[in-house]
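For the record, the sequence lines run as chains E and H. Here UniProt numbering is used: position 41 in the first sequence is 41, and no number is missing along the way. Here UniProt numbering is used: position 40 in the second sequence is 40, and no number is missing along the way.
Because the hints were derived from the structure by calculation, they are not lab data. One thing to keep in mind: the hints can contain errors.
Derived lysine-lysine pairs resembling DSSO-like cross-links, with alpha carbons at most 30 Å apart [what the hints assert, rightly or not]:
no., chain 1, residue 1, chain 2, residue 2
1, H, 42, E, 92
2, H, 31, H, 42
3, H, 31, E, 92
4, E, 199, E, 113
5, E, 277, E, 113
6, H, 42, E, 421
7, E, 421, E, 167
8, E, 421, E, 228
9, E, 228, E, 92
Chain E residues, not near chain H, derived (Cβ > 10 Å throughout) [said to hold, decoys possible]:
no., residue
10, 92
11, 191
12, 410
Covered by chain H, according to a simulated footprint, are these stretches of chain E (three or more residues, beta-carbon under 8 Å) [said to hold, decoys possible]:
no., segment
13, 195-204
14, 217-226
Glycine included, C-beta positions come from ideal geometry on N, C-alpha and C.
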Amino acid sequence: MITFMNNSDSEEEPCNERTSLMSAESPSVPSYQDGLQASEAGEAQAHRKRRTGSSRSPNNIADGEMSDSGVPVRESTLENEEEELTLKYGAKHVIMLFVPVTLCMIVVVATIKSVRFYTEKNGQLIYTPFSEDTPSVGQRLLNSVLNTIIMISVIVVMTVFLVLLYKYRCYKFIHGWLILSSLMLLFLFTYIYLGEVLKTYNVAMDYPTLFLVIWNFGAVGMICIHWKGPLQLQQAYLIMISALMALVFIKYLPEWSAWVILGAISIYDLMAVLCPKGPLRMLVETAQERNEPIFPALIYSSAMMWTVGMAKPDTAARGPSQQTWDAAEDGRENHRSPSHGDSQMSETRSPVPTRPITSLEELEEEERGVKLGLGDFIFYSVLVGKAAATASGDWNTTLACFVAILIGLCLTLLLLAVFKKALPALPISITFGLVFYFSTDNLVRPFMDTLASHQLYI
Amino acid sequence: DPLRIIILIAGAFFWLVSLLLSSLIWFIAVKASNPQDEPLQKGLLIFGVMFSVLLQEAFRFLYYKLLRKAIEGLVALSEDGCSPISIQQMAYVAGVGFGLMSGAFSMINLLADALGPGIVGIHGDSQLYFLTSAFMTMVLIFLHTFWGILFFHGCEHRRWWEIMAVVVMHLAVSGSVSSWEQSSVRGPIFGDGSQRNPLLLPLLQKICHPLCQAGARIASSPQGGGSGFAKCCCARGRG
Numbered sequence: 001m002i003t004f005m006n007n008s009d010s011e012e013e014p015c016n017e018r019t020s021l022m023s024a025e026s027p028s029v030p031s032y033q034d035g036l037q038a039s040e041a042g043e044a045q046a047h048r049k050r051r052t053g054s055s056r057s058p059n060n061i062a063d064g065e066m067s068d069s070g071v072p073v074r075e076s077t078l079e080n081e082e083e084e085l086t087l088k089y090g091a092k093h094v095i096m097l098f099v100p101v102t103l104c105m106i107v108v109v110a111t112i113k114s115v116r117f118y119t120e121k122n123g124q125l126i127y128t129p130f131s132e133d134t135p136s137v138g139q140r141l142l143n144s145v146l147n148t149i150i151m152i153s154v155i156v157v158m159t160v161f162l163v164l165l166y167k168y169r170c171y172k173f174i175h176g177w178l179i180l181s182s183l184m185l186l187f188l189f190t191y192i193y194l195g196e197v198l199k200t201y202n203v204a205m206d207y208p209t210l211f212l213v214i215w216n217f218g219a220v221g222m223i224c225i226h227w228k229g230p231l232q233l234q235q236a237y238l239i240m241i242s243a244l245m246a247l248v249f250i251k252y253l254p255e256w257s258a259w260v261i262l263g264a265i266s267i268y269d270l271m272a273v274l275c276p277k278g279p280l281r282m283l284v285e286t287a288q289e290r291n292e293p294i295f296p297a298l299i300y301s302s303a304m305m306w307t308v309g310m311a312k313p314d315t316a317a318r319g320p321s322q323q324t325w326d327a328a329e330d331g332r333e334n335h336r337s338p339s340h341g342d343s344q345m346s347e348t349r350s351p352v353p354t355r356p357i358t359s360l361e362e363l364e365e366e367e368r369g370v371k372l373g374l375g376d377f378i379f380y381s382v383l384v385g386k387a388a389a390t391a392s393g394d395w396n397t398t399l400a401c402f403v404a405i406l407i408g409l410c411l412t413l414l415l416l417a418v419f420k421k422a423l424p425a426l427p428i429s430i431t432f433g434l435v436f437y438f439s440t441d442n443l444v445r446p447f448m449d450t451l452a453s454h455q456l457y458i
Numbered sequence: 001d002p003l004r005i006i007i008l009i010a011g012a013f014f015w016l017v018s019l020l021l022s023s024l025i026w027f028i029a030v031k032a033s034n035p036q037d038e039p040l041q042k043g044l045l046i047f048g049v050m051f052s053v054l055l056q057e058a059f060r061f062l063y064y065k066l067l068r069k070a071i072e073g074l075v076a077l078s079e080d081g082c083s084p085i086s087i088q089q090m091a092y093v094a095g096v097g098f099g100l101m102s103g104a105f106s107m108i109n110l111l112a113d114a115l116g117p118g119i120v121g122i123h124g125d126s127q128l129y130f131l132t133s134a135f136m137t138m139v140l141i142f143l144h145t146f147w148g149i150l151f152f153h154g155c156e157h158r159r160w161w162e163i164m165a166v167v168v169m170h171l172a173v174s175g176s177v178s179s180w181e182q183s184s185v186r187g188p189i190f191g192d193g194s195q196r197n198p199l200l201l202p203l204l205q206k207i208c209h210p211l212c213q214a215g216a217r218i219a220s221s222p223q224g225g226g227s228g229f230a231k232c233c234c235a236r237g238r239g
């Protein structure tokens, strides 16, 4: 599971979004998409082990706790059906993450290409104090590295602070912090964004209308993100605030610093999630121990749980309460279910694998989802947005970075299916994105331009 | 279907990687040569195109190998011993992936420029630049799809002549659309450096038709059962 922490407070505060990818389901998501041979062999191994009835399947070991009643039920059912289901769920999960990532990137690229404001240089954040206006290349490089060091250390400090707060149960402080940061994003940044878009298209809007629009947008956003709301509305709001944050980064990070920061953040993400003492790993483990969800404002969840009429009476009683309206609690349910032995939850979970075989009239369809941290969205969009902004007006670079990031995400999900624990979602995608950005901008662009001017098609 | 979307994007990614490597080679060659020498640059460009075509086909083969392994994995994981997607469907989707990426890279800068102000062919070049580019891109996308189907079919049944036919056709198509009447290189808004020959398009259509028929034949053959997509695609291509 990759968990992601979003600590953005204000425009001046950095967004210490740590990215991670979290799998919320208990059964494994086998890799059947264009998988590497080793991972497929490993996955086939894992499934053969399950077939032979080993009760401690790899995901149990990875998750730590597993509802015991769920396992024998799963084994008793036709495991092939379940594997077939999880196969389908596996590809579906990838698409369920492709769509929001693509949407966020489209919003950012569309804004960058049309609204001048976000490509103008109007100062820098206080976290990147060194200017890049120096004439010499060495000095510029040095300044960008120093900016990166300052930014990353601020992010590390904030993340450690958050983890400490969480460990010592200062929930009120954390909630207040998150509410403040999402207030800032939903009201102030939206106001600025709307103002710039209106300016670009020369549309006049009076203050009362503006106030009404921003108030409604912000208030509904706060409710959806921090309390309850329809799942899709919550997802839409999370995508929008990620896009807004990414636009702020694109505007206020100087060029070379932005690229170095992207590289450094993916290395930090790798270490923070995988090292035993990494802050993010500790956060995930603490959350799992306490059977609590990670904060709802930090994670994008693609899961839905519709339980309409179930076989068991006690779960039927719970059925109506578990509707898609309860988005925040959906996150909790999905996070909780693989990790604690609540008997009710296990009974909710355990009949699910039998559902496609036996049920006819019950429309119960539980889709176990994957969770992706908001920082992943933000940094993917920063990469693609920077590519759109600074690649000499070339769309090929943007497209290449987009495909690279999607493939990186696909590979990360593949690894998630193999390892079944929290994984960092940034490193592979950002590496591919950076490689493709620099190579497309410097190598492919002259080639394609020459080909286009001679009307050669390859 | 999620699986097909993933195969599509992965196909686009493989094409992109092949383009990257071939443009790296071309770039090195150009940097190592004399930029003033016009015929040399032309020759290097032709060499770059040919090398890129060969590399694309090599990556198509690599992608075929990867998809083969993926099918084996899918078969192993499925309940009734048959994978949810057949190799013919994968061939179609892979071809579409290659074609879409190739078309996007060829066309998208033109489209972005076409939004802006300008007059096509104002310096005496062909006024049909956008139109011919659009048609050529469309033809290339369809051709990539068909080549994908043919190539995978040839690899499946070990018919090397089919694979060679795909490579030769690709080389022929890429090589045939170059014309070097004018040596100046300008941006598309003010016309391009080459005279578009309007007769070239029907010629390429003639190339497409036998390909469509070959694809349809493969699709309707007993080995190709289940590839309704190939049939649809060929029908569309014919139309």
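**Item:** Hints that the structure is at odds with (numbers, increasing)
**Value:** 1, 3, 5, 6, 10, 12, 13, 14
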